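A.B. asks: Heads up: the sequence lines are chains H and Z, in that order.
This note's numbering puts the first residue of the first sequence at 1, with every later residue one more than the last.
This note's numbering puts the first residue of the second sequence at 238, with every later residue one more than the last.
Honestly, I wouldn't trust all of these hints.
Said to hold, decoys possible - Capping the alpha-carbon separation at 27 Å, the derived lysine-lysine pairs in DSS-like fashion look like this:
#, chain 1, residue 1, chain 2, residue 2
1, H, K183, Z, K367
2, H, K43, Z, K481
3, H, K184, Z, K367
4, H, K123, Z, K367
5, H, K19, Z, K331
6, Z, K331, H, K184
7, H, K228, Z, K513
8, H, K203, H, K184
9, H, K97, Z, K244
10, H, K200, H, K58
11, Z, K326, Z, K426
12, H, K184, Z, K326
13, H, K183, Z, K326
14, H, K233, Z, K481
It is worth saying that the hints were derived from the structure and are not from the lab.
Quantities reported herein were computed from a predicted structural model and do not represent experimental measurements.
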Amino acid sequence: MSGYHELLMQDVRFEEGLKACMNCGVCTAICPAAEFYDYDPRKIVDLVQSGNNDEIEKLLRSDTIWYCGECMSCKTRCPRGNTPAFVVMALRTLSQKTGFFTESEKGRQQFAIKRTVGENIFKYGYCVATYAVSPEMHREQGPVWEYIIENTRDIYERLGANIDEHGEGPLRRIPDDAREELKKIFEVTGGTGLFDAIEKHSKNKAIEMGLEFDDEGIDNEYFKEVFKANNNKHTPE
Amino acid sequence: MKSEGKKKIWADYQKEIADDHFFYVRSCIRQSFFPGSEQFFLHFMRDVLGKDVYENPSHTSCTGIGYHSDIVPLRTIMAVVARHFALMKESGYKNIAISCVTSFGIYTEILETWRHFPRELEQTREDLYKATGREFDIPENVAHTSDIIYKFSNEIAAKAKYPLVNRLTGSPLNVVEHIGCHYAKMFPKHGVGGAEFPRVLSGMIESWGGNVVDYPERRHCCGFGFRQYLVQANRGYSMSNTIKKFASMQPFNPDLVLTNCPGCTMFMDKWQYTAKEMEGTVYGRNGEAIPVLTYEELAGLVMGYNPWDLGLQYHMVQSEPLFRKMGVVFDPADKFRTKDGKQMPSPADLINV
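Put together the whole structure using the sequences plus the hints.
C.D. replies: Okay, structure coming up:
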């Protein structure tokens, strides 16, 4: 098998994102994740730049690569034109392909994102749609959101939306043939393969953890575990 | 010669924004949380300015939220976006108007990737053709819809019924602007004023009579962080970053926050509710929270549209304190009525009422 550095180099984001880091730490200074998590993008870039295969594998198995919020603020400020967030994105992709993502609490969350946002894409043609944001899973949306969900049609009609109907307008029904094209794009370009890898490795992990796993939906123990679990070891001591 | 030199220096911060004939692509988040904003934009462009803005019903999500939460590969999203360009080509348009900052960042990242790595462009052409039989052209002009409102901000100012001035004191309102990270932090040349001097919102505020607030965390992220919000266990990251911004802006007494990105609008509104619930903290004056508005909502308000047709009642933080400062005449009884005038119940526990 190729070394991880070599595999990362096959990702254009890695090629573009890491030219030559001089370890100045500006990325860490500007980073919103470093503000609240035990996280230092400078160290990640330095480690990956070293090409040490064992150390990169540890990173792929760790919580560390999942702390970034992909705000991309680091890209603006790097004096060498690197993008640490692109390096992290390439690491995350490799972690999912290899299955290492299930080794960390934060990595396992990819399953929850696939089962929600990922499946919304095929079901509705949207990553996010009003009717797919349940108040139970989003208490921070407040009572106005419960109200909107209870009165969606009346409210959105006044605001000019065309909810779940054919034609133009906000929240229109995405035609079946358009959603079918999305599926074909995912099949041709590896999107379906990534979804399948997340499912396969998550199922194996669920068995290992002794948690119930269903082949679809979010009403199963493994989904609830990865969506909510927080061991409170992610912030600096 | 000196002015020539200055022009050259500032050239990197200028952006060419098309004038007419736009292919409009909606935002998953803006249409879900602020549908009135998208509809105001289309009304303003088509009915007020007489511009040609076309929406193709077959356009889908750009899948950007999936891409930035790492479940959608780069190769996949490049082909999804290429499909939008194919729809645009088939419809006869060359200028794209994008309603979402995440999408705008996706489009600019993909265009720059294709420019730096032509082999990726060829791969995408092959992928799209194989999957859909479609072919595409690269757009001639790429604008976020706020760029277009910025371009026509003086036209809005000329029609202003309620400028951004406190009617009681005669002073300009203090407005915080939040640009949204993916607008220009990644590829500054695609944003008005780039990453260093973003003018897209401050230009609107000044044009409509307001005062732009500068504060220490002005350019800090709203806290979305994609997976840091999408997964319940991570939401402390999202809320903490929003609160960091509000705590930083509080001493400057903002009358409102104006946002570029629909996600930022939603988070800066909803996390204020959460902070009030959890800690009893509010960041405005007189025990009030700070209203957070989209640029379409603010443009509509300035022009005198009914705030309830814009959808301002469907934020957690209500805008009545702002209306009173601006002198906006509004009908409280109309707030929760349907299109046909049927009275609906009122939602519980809204803030600032």
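A.B. asks: Would you mind marking each hint as holding or not holding in the structure?
C.D. replies: Here is how each hint holds up against the structure:
no., hint, verdict
1, H:K183 / Z:K367, "holds, 12 Å"
2, H:K43 / Z:K481, "holds, 24 Å"
3, H:K184 / Z:K367, "holds, 9 Å"
4, H:K123 / Z:K367, "holds, 22 Å"
5, H:K19 / Z:K331, "violated, 34 Å"
6, Z:K331 / H:K184, "holds, 26 Å"
7, H:K228 / Z:K513, "holds, 23 Å"
8, H:K203 / H:K184, "holds, 25 Å"
9, H:K97 / Z:K244, "violated, 49 Å"
10, H:K200 / H:K58, "holds, 21 Å"
11, Z:K326 / Z:K426, "holds, 24 Å"
12, H:K184 / Z:K326, "holds, 20 Å"
13, H:K183 / Z:K326, "holds, 21 Å"
14, H:K233 / Z:K481, "holds, 21 Å"
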